[in-house]
Structure formats: C-alpha cells, structure tokens
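Colleague: Chain by chain, the residues:
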Amino acid sequence: MTFRRKLLAVFALTVVLSVGAVAWLVLALTRNAFENAENQRTGALVSQFQREFSRRGDDVTRQVEVIAVSDPVSRMATALNGTSPNSADYFELAKSMADSHQLDFLEFLDEHGTIISSAQWPAKFGYPEPAFDSVSALKGQSAFLKREELQDSAALGLFAVQATGVGEQPVYVIGGRRLDKNFLSALDLPADMRVVLYQNRSGHFSPDSLLDPSAAGTGPTRPAEKFAPLIEAVRQSNQETTGTVAWSSDAADEEVFHAIPLRGAGKDRSSQDGPLLAILLVGNSRRSYIELKRRIRASALLGGGGGMVLAILLSSWAAARVTRPVEQLARAAQDVTAGHWDTRVEVHGSDEVGQLAESFNRMTAELAAQRERLVQTERVAAWRELARRLAHELKNPLFPLQITVENLMRARAQSAEQFDEVFRESSTTLLAEISNLKAIIGRFSEFSKMPPPQLQAVQLNEILCGVAKLFQAQFQAPGRAPITCKLELAENLKTIAADPDLLHRALSNLVLNAMDAMPNGGTLTLSTHRDAGKVIVDVADTGTGLTREECERIFTPYYTSKQYGTGLGLAIVQSVVSDHGGRISVQSEPGRGTTFVIELTDNLEALQKVGAAQHAVDNA
Amino acid sequence: MRLFVWRWFAVSSVIVAALAGRAETRPQYGGVLHVATRAAPMSLDPADGAQPDSFARRNLTMLMFDTLVTTDDSGRIQPSLATSWQTLPGSQRWQFRLRRQVKFNDGAALTAESVAASLRTANPSWNVTTDEDSVIIDWDNSNPDLLAELSLSRNAIAKRTADNKPSGTGPFHIVDWQPGKKLALAAEENCWRGRPFLDAIEIEMGRSFRDQMTALELGKADFVEVAPEQTHRVTQAGRRLATSSPVELLALVFARDVASPDEKLLREALTWSVDRASIRNVLLQGAGQSAASILPNWMSGYGFVFPTDADLPRARQARAQVRSIPTWTLGYDGSDPLAHFFAERIALNAKDAGLLLQPTPAPKADLRLLRIPLQSPDPWVALADVANLVGSPLGKKKGGVEDLYASEVALLATQRVIPLFHLPVSYASTSSLKNWSLRPDGSWSLADAWMANARQ
Chain F
32 MTFRRKLLAV FALTVVLSVG AVAWLVLALT RNAFENAENQ RTGALVSQFQ
82 REFSRRGDDV TRQVEVIAVS DPVSRMATAL NGTSPNSADY FELAKSMADS
132 HQLDFLEFLD EHGTIISSAQ WPAKFGYPEP AFDSVSALKG QSAFLKREEL
182 QDSAALGLFA VQATGVGEQP VYVIGGRRLD KNFLSALDLP ADMRVVLYQN
232 RSGHFSPDSL LDPSAAGTGP TRPAEKFAPL IEAVRQSNQE TTGTVAWSSD
282 AADEEVFHAI PLRGAGKDRS SQDGPLLAIL LVGNSRRSYI ELKRRIRASA
332 LLGGGGGMVL AILLSSWAAA RVTRPVEQLA RAAQDVTAGH WDTRVEVHGS
382 DEVGQLAESF NRMTAELAAQ RERLVQTERV AAWRELARRL AHELKNPLFP
432 LQITVENLMR ARAQSAEQFD EVFRESSTTL LAEISNLKAI IGRFSEFSKM
482 PPPQLQAVQL NEILCGVAKL FQAQFQAPGR APITCKLELA ENLKTIAADP
532 DLLHRALSNL VLNAMDAMPN GGTLTLSTHR DAGKVIVDVA DTGTGLTREE
582 CERIFTPYYT SKQYGTGLGL AIVQSVVSDH GGRISVQSEP GRGTTFVIEL
632 TDNLEALQKV GAAQHAVDNA
Chain W
10 MRLFVWRWFA VSSVIVAALA GRAETRPQYG GVLHVATRAA PMSLDPADGA
60 QPDSFARRNL TMLMFDTLVT TDDSGRIQPS LATSWQTLPG SQRWQFRLRR
110 QVKFNDGAAL TAESVAASLR TANPSWNVTT DEDSVIIDWD NSNPDLLAEL
160 SLSRNAIAKR TADNKPSGTG PFHIVDWQPG KKLALAAEEN CWRGRPFLDA
210 IEIEMGRSFR DQMTALELGK ADFVEVAPEQ THRVTQAGRR LATSSPVELL
260 ALVFARDVAS PDEKLLREAL TWSVDRASIR NVLLQGAGQS AASILPNWMS
310 GYGFVFPTDA DLPRARQARA QVRSIPTWTL GYDGSDPLAH FFAERIALNA
360 KDAGLLLQPT PAPKADLRLL RIPLQSPDPW VALADVANLV GSPLGKKKGG
410 VEDLYASEVA LLATQRVIPL FHLPVSYAST SSLKNWSLRP DGSWSLADAW
460 MANARQ
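Chains as they are written, first to last, in the working numbering: chain F, 32 to 651; chain W, 10 to 465.
Hints are computed from structural coordinates only; laboratory data are not their basis.
Keep in mind that the hints are not guaranteed to be accurate.
[Said to hold, decoys possible] Where chain F lies over chain W, by a calculated footprint (3+ residues, C-beta under 8 Å):
#1 286–294
#2 354–360
[Unchecked claim] Quick partial rundown of chain W residues pointing at chain F, CB under 10 Å, derived from the structure:
#3 GLU238
#4 HIS241
#5 ARG242
#6 HIS349
#7 PHE350
#8 PHE351
#9 GLN367
#10 PRO370
Glycine included, C-beta positions come from ideal geometry on N, C-alpha and C.
The following block holds chain F by itself, in its conformation from the complex (with noise of 0.2 Å):
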C-alpha cells in the first residue's frame, strides 16, 4: 500500500471514527435527556394520580360525611333505634341517595354489618358486609382502596366510611366512586403517555382486568397478555416496577411503563400491609426517542457518508499534497538506484520535507562527485593494471626475442655456420613468439570487440550439457587429477532467449576457471534451476576457492589470482551475462570451493521485437 493511500485510509478513518464517536455521544446524551425527561413526565403523571386520587378521596369522604348527617339517613337512623325498627322501609334509600350525591357505591350497614340499603347491589340486603371488620375501624379517616363485590363481577373503589351518631346503634355509611376508565380518563396526561389500571382480581394474570381508556381509540391493536410479565413481576417483587412492552417488531411501537401497586386498607389501617387491588401502568412511547434516535443515526449515516467523501477528496488532495515532494523524492531515491547520479528533485518550501529535498540534491551530488572520483582512480588503477598486464604479457615474448636477437648477433659475429643453424632456429623462436604476441594483442581486441548477443530460442540445458560433453575428455585427461563432472538439469526448463554461442563460450570459460581451481581433481558441478521467474545456473567446484576480497575483484577486467592468464574470462563471462540482461556472482570460501551463479531472465520479448525487426527488414 502506498504512502499516499495509507495517508487517505487514516484521514478517512479519522473522519468515519470521528463521525460515529459523536454520533454515539448524541445518541447517548439524547438517551439519557429521554430518560430523564420519562422519569420526570412519570413522575409528575404519578404524583397527578396520587393528587387526583387524594381529591377523589376528599370529595368522596365529604359526600359520605355529607349523607350520614342529611335527614333522611338521621331518620332511618332514628327509627332503627327505635322499639320497633324496621330496615325494610329503606331498601331504596342507598340507591336515591347515591344518585343524589353521585356516588357509585352507597351502603347501609347496621352495628352488626348487616346490609341496610345497597345502591349498587339492592339485592344484597340483608346480608352481611364481608370487609365490615376492617372497613368500620376506618370510620371518619381518609379515603381507601377498596374491591367491591357485585352481582356478575367486582369493581374498585375510593371509599370512606361513616357512623351516624344517632342513637346507640349506629348506622355505618360507606360509600365510595368506581376507580374505572373515567377516573383514569380525567387525568391530564401529556402526549405519548397513557396510564392502565389492572385490577388484581385473581392469582392469574386476566385480560379483562385490565382498564385501557385508551382502548377503545383506532390505534394499533395492543394485546392485553403483554402486560402479564409486568404484572407479574410486580406481584413477585410487591414494589414499584418498569419494564418494556414491545406491541409489534417495530421498536417505535414498545412503550415503558411504570407500573405502581396500589393497596387497599391493612389490619393497622394503612395501605402497607394491605391487600394488592390494583396495579397502576403508567406508560411512556418509545416512538418520539426511537424516530429521533432514527434520525439521528440517519443524519450520521449521511453525515458519515457524506463526511467519508469530502474526507476522501480532501484526504486524496491533502495526501497529494503531502507525498507528491515525498513521492518525488522516492522516484529520484530510484533513479539514482538505476545510476542516475545525476538527478534532483525540485525543492518546496523550506519545510521538513524540503530540507529531506535540499539533504537529497546534495546527497546525489556528493555521490556523484564520489563516483566521479571513483572512476578516476578505478580507470587509473584499470590502466595501470592493464599496463602492468601488458608489460607482463609482453614481456614474456620480448625476452625470447632479445635473446634470440642477441644470439644472432652473437652467432653472425662467431662464425658463419653456425649463423645459419642459429639463424634458423632463431628464426623459428621470433615467429613464435611474435605469434605470441599476435595472440595476445587478438586477445585484447577481441575482448575490446564483444559482439553484442544473437538471440534466439535455446535450451539452456542442452548448453550445459554441450560444454560438460566438451571438456569431457579434458576431465579426463592423462597427467592430471581427474574431475568429475555432474549435471544437475532442472526438468521442463523453459526455453530462454539468448545466443547460445556466447553462453557456451562464458560457460566454458567458468569450466576452465573451475578446473584451474582443482589442480588435484575434484568434482564440478553444472546445475539448473528456476526462481522467481528466473533461469539459475550455477558452476560449482571443489577447488581451493577464493578469498573474500578476490571475491570482490573477481569479474574486474585484468585480474587473475593465477599465475598466467589475461583477467579477462571472468570479465568476459560478466560482459557476455549482463549483456543477456542477467546477472553473475561468486559464492566462495577458501578451501571449500567456488560457485558460479547465473541469472538470466527468458527475455522473450526481446526475442519477439527482434524477430519483429527482422520481420520489418524482410520486408523491406
């Protein structure tokens, strides 16, 4: 990955973590103003219901105050007083005095609870009130939940209870308002929130005791058995519960409520140990919290997308920017690799990276001037090898001749016959020798005249083998040690292209090196191979090997680490694989033996543009 594109990936996923980092925290943050702002409208929604259920409770209280001192209950109390009490006159009374003071639940009850006069069960007369016990100590207090008993069902109730004070056997009024749909209804509820009253009329969870004013609107059908797990817990936990009922798949249907257990009058007379009646929900819509929540998290899906372009575009600007100098600087890094000494990069600003441009320039200008001076001494101490090569060389076939020359002289001043003799047979040694010193001066021009490669389509182990088979009877030859030749061919090595006369000629020369290096025989070894799309061939013997630093000098033209010899097989064998495009090094050690190795590319296409220049010529 480059530089550029991991610069634009950070940039990018700057800008996404930091789109989402605040996209969470507002979505955090609006879940807890949400929350707070539910407990809040819950709380007042409570506190509204325990007022309007304290006022319910006061009027009701001040109605039954209100009947249990009017006449007509005085009178009834008066006569059941008296010798000859008859309760039979009042049996409508409860019922007239409940619609007059508008009451739903109005009951007589004489001193032992017997029922007088029953408004919402008239035919219950003369039976005995099953809560008189507990309700008749509750005789002048405030209000109190109770469960009322009707004929096909039971209903809930604010009650209070009164005594008329007539007479020594009082008559116990107690009289109370249905807590249903209407009482519910009346309370002022803000928008998205609704109250439920289940009335705990059995050990089960029942849909029908439940009282839903909203129930009866066009809304979603809400299943009532989705509260039973609340009620439940509530009925576990006998305290204040919350909990969320999810109406449908859609998150903005759940609704969470807040549900209160409501109590009726205990033995001490307060609502703690009382009886479980009735369970208030107080609900609170999910829908606002979730429709923002899904704008919010679609505002940051387009903001985020929206963000990642710019980021993408600012960061691709910004990066291009950034890396162009750095860029600039890695493309000169390269071409100074490839030996462009030369070459500068422009230099912006006086930044770090300008100074990494100016630091740069004068790096590859110090290089250059290095290498300049390097050539310098390496083209001094080239010729002064090739003068010491050449004074060595000619020297050689110079000696013979002076002294072949100088027998002459001296045979032409002895005497005349022997002047001839030596004439002759110095004759023959000047020929020699000058063909000597043809030969070496052919040497020298041929290396000076290097054909360039014929390329064409070659095998190269079919080379190998060619050069093993031809050095086969030198391998073998009388007098000296005897080598081993092993051939190591790779199989279905690919066809290359290269000439093959100049690679069998290279080839030969690393053989003759090798089997200068084994003067007490030894093994060599030609092998092929491939790697990394490249055709290997290594040369490796057994010899005395090399040191390090002939190691380094080993391909400089005119060096040889033997007695005789021009230094210029291996610079041969350099010249002939770098002109094929390849590569030559030498892995050696003293003692252990010297390899040869040899990349060289198939370079097809170069076999493909030469066979297309041909073409062009035929054509011509």
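Please build the complex by placing chain W on the supplied structure of chain F, with the hints as guidance.
Modeller: For chain W alone, coordinates are given in the frame of chain F:
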C-alpha cells in the same frame, strides 16, 4: 228564649249538614274518569290470546263487553247475557237462553248466532250451536267448570269488525283507540243494564306505577294501579286504596321439563334456596303472601300446607349431589323495576346454595320470573290455566278438594314452576270517584261509579 234560639240553631245546622251529606252521596251523571294502567294491550278483542293477560285488560274488557254469565263477590255464578241455563246429566250439553232486547254498541241486536260466533272465535275447539234464542255447547266429556270459564273476560261476547274496534254490549263503547297508548270510551246510552253515570272514561296505557301515582297526585288521573310494595305508603299518604285478595302468582317458570336427575336436584336446590321472607319483607314491603303453592290459600284452603321457608342446608345438600353446575339464565320483565330486584335476589340466594343464575331481561331464558294473574276465583279454572301456561296441562279433573290438592302437587312435582308469592292487586283513586268497588278476584266495575262535582 235565648237557650231555645241556640238549640234551634244547632238542630238546624245538624239537619242542613245531614242534607248536604246526602247530596254528596247521591249519584251524579256526567264526568270523565281518567284511568292509568301499566298494561298496554295492542288489541281490544277479548279473545286475542296473543295479548299478555293482566287484570287491567280484563277489567277494561268488561267495560265494553259482557259475558254470558258472571260471578258475584262470593264467586257464585250469576246471569248476564244469558238469563238462564240448563245442562243435561253428565254436564256434556249446556244450553243458555239469551237475554232479549240486547243490542251491541253499533246497534245490531244480540242474537244466538252472534254469541255462538263469538264463542267459537274465542274457543275454536268448542262445539257451539244455536237454537232460536239459545246457545248450546256440547262436550264429549263432562265439563262442570263451563260456567266459570264462560265468566272469564276472554269469553266475553264481541262482534268483531274490520277496523279492530270490536263491538260489545257493555256499558261503554269505543270512541278513540290508540293501541297500547290510549283508549277513550263513552257511555252507552242504550245499555241493557242502563246508562252508566260516567259520561266517558279515558285510559292512559303503558304508564309505570310511579307515573301513575304522580298523575294521581297531580290530579291528572282519578284511578290508578298501585304496586304491592307501594300500598302501605299510599295508605300512609292518606289516599283511597282498594286491595284485592292475593290473585296474582309470582313464580319461577322453567322453559322446559326436567331433563336429567341432576337437573331435578338442581331445581330442588333452587326451590329451597329462595328466601321468600326477606324478599317479601323488603322488596314487597310486607305485601302479598309467601307461597309455595300455585293457588292462594283463600282460594284452595290448603295453601298453608306448602312450606315457604328457605332451607339452605337442604338446598346445598341437593346441589352437592351434582358435579357439574350449569349457569341458568333467569329472565325477567325489563319494564318491571321490581322484577329486576327479584331476579337479583333470587340469583343471590341461589349463589349461596352453590347455583349459578344469570339474571337477564332477554325474552329467552332457562327460567323466567313471571307474574301470573289467576284467571278465576274457581280453583280448578285457575290451576288449569297456570298448568297450561307452564306447559304441563292437568289431567282429568275431579270435583273434590282432595283432587285439587293432588293435581296441584302433581303440577309442582313436574318442577316446571316454583311458586314464590301471591300478590294482591291494588288501586288508588281520588276522593271524587264514588261508588266503585274492587272484588276479591281483582275485578272492578265502573258501571255504577260516578264522579262527585262532575263536569258536564
């Protein structure tokens, strides 16, 4: 002298007061009597069996129509349109000689054919023939109760017309008829019994007991019905009140026969669970009589034999023998406010015994709370009528009280009916309405009544 003057003045005052009192009690012609009834019949035809039976309907019928025979206050048969009658031994043929010179309200003469036609319409199964001025009724078997049946209002002689205004021979004829709402009657000048004192009677129908009492108090009605539970209050208020003998049976009537031994036990449990005493004391305010028999004691003489007290342990014992308890619907008349309380109380009593009753004003129910006006002071006729009503007609009739008792016990054994109360019928009137009487069987006659200070 002074003492003489004072004595003369005192004696004169007494004489004047006495004469004034006599003038007040002397019948006066004229006046319009305003009557209110709770019943709201849709037809005035005496033979229309589709109309609910009620004492008001019977009495209104007798204002416009006459029967062949009638009963007096003692329940004895008296001549009416028939001046005499005779029967062959075995009571299989009855011959009635008609009163002469009697005309229907439309002016047509009463003939044997018209009487026979009327009786055939009312009783299609009867074999009614004529012989000059006599009507002959033949029976396959002995029918000693025919006279009592003929005295019933449903057998009143009517001449039917197409305009739904049947013509009779009674003291009043129809002037205006709005079915179920209002009936206006005018005095029949040529009534064979003589012209009635009242010029007209206007009857408002379908009025509740409360509305009737209000109308009476406001002077908009002169003669109203009084619910049994209201009678003591009317008396306490100083109103004129007339109450009959208990002639109305309030009972639970099952829609079908007992279908299984379990159901028999449950019906028995229901019978024992009803606390009649409390209901009578509170709901009826002491009016009427608790009843476990169909016929009231004054009619049969043995009504006291049937125990009326609730026996909850016995009811629970019977109920405990049944595993599966059905919920019975208890129907009641929704227009009767007291019936609702009755039904609820009975359901409450039944609940104490472990039974399940669901009161409903719907017309279809497993059992219904019915007010059954006893048809006749004749116990056989009354019992037979109740038996027919509850769907268990009596078998062979015999004449003795033992047979009557046996028949009633047999009818009760069917468990189709559970008697609860025998209720009287009561009427209140203004003080200006004079000379009207309520007979023990609940019938009244306004033919001889007159209005004091009647407006001409």
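Colleague: Taking the closest Cβ pair, is GLN367 of chain W under 10 Å from chain F?
Modeller: This hint holds: GLN367 of chain W lies near chain F, its Cβ roughly 7 Å from the closest one there, short of 10 Å.
Colleague: Against chain F, with CB atoms and a cut of 10 Å, does the hint on GLU238 of chain W hold up?
Modeller: Status holds, d = 9 Å.
Colleague: Verify the interface restraint on ARG242 of chain W: the C-beta must sit less than 10 Å from at least one C-beta of chain F.
Modeller: holds, 9 Å
Colleague: Hint validation: HIS349 of chain W versus chain F, beta carbon distance must be below 10 Å. Holds or violated?
Modeller: Given a least distance of 8 Å, the restraint on HIS349 of chain W holds.
Colleague: If you look at each residue in the stretch 286–294 of chain W, do at least three have a Cβ nearer than 8 Å to any Cβ of chain F?
Modeller: Coverage by chain F holds for the stretch 286–294 of chain W (5 residues, Cβ < 8 Å).
Colleague: A closest beta-carbon separation below 10 Å is what the hint needs, so does HIS241 of chain W meet it against chain F?
Modeller: holds, 9 Å
Colleague: Does the CB of PHE350 of chain W sit less than 10 Å away from some CB of chain F?
Modeller: The hint holds - PHE350 of chain W has a Cβ within 10 Å of chain F, the shortest such distance being about 5 Å.
Colleague: Hey, does the PRO370 of chain W contact hint survive, CB to chain F under 10 Å?
Modeller: With a closest approach of 14 Å, the PRO370 of chain W hint is violated.
Colleague: Taking 8 Å as the Cβ threshold, is the statement that the stretch 354–360 of chain W is covered by chain F upheld or broken by the three-residue rule?
Modeller: With 3 residues closer than 8 Å to chain F, the stretch 354–360 of chain W meets the three-residue bar; holds.
Colleague: Does PHE351 of chain W pass the interface hint, meaning its C-beta sits closer than 10 Å to a C-beta of chain F?
Modeller: holds, 8 Å
Hint violations for this structure: number 10 only, all remaining hints satisfied.
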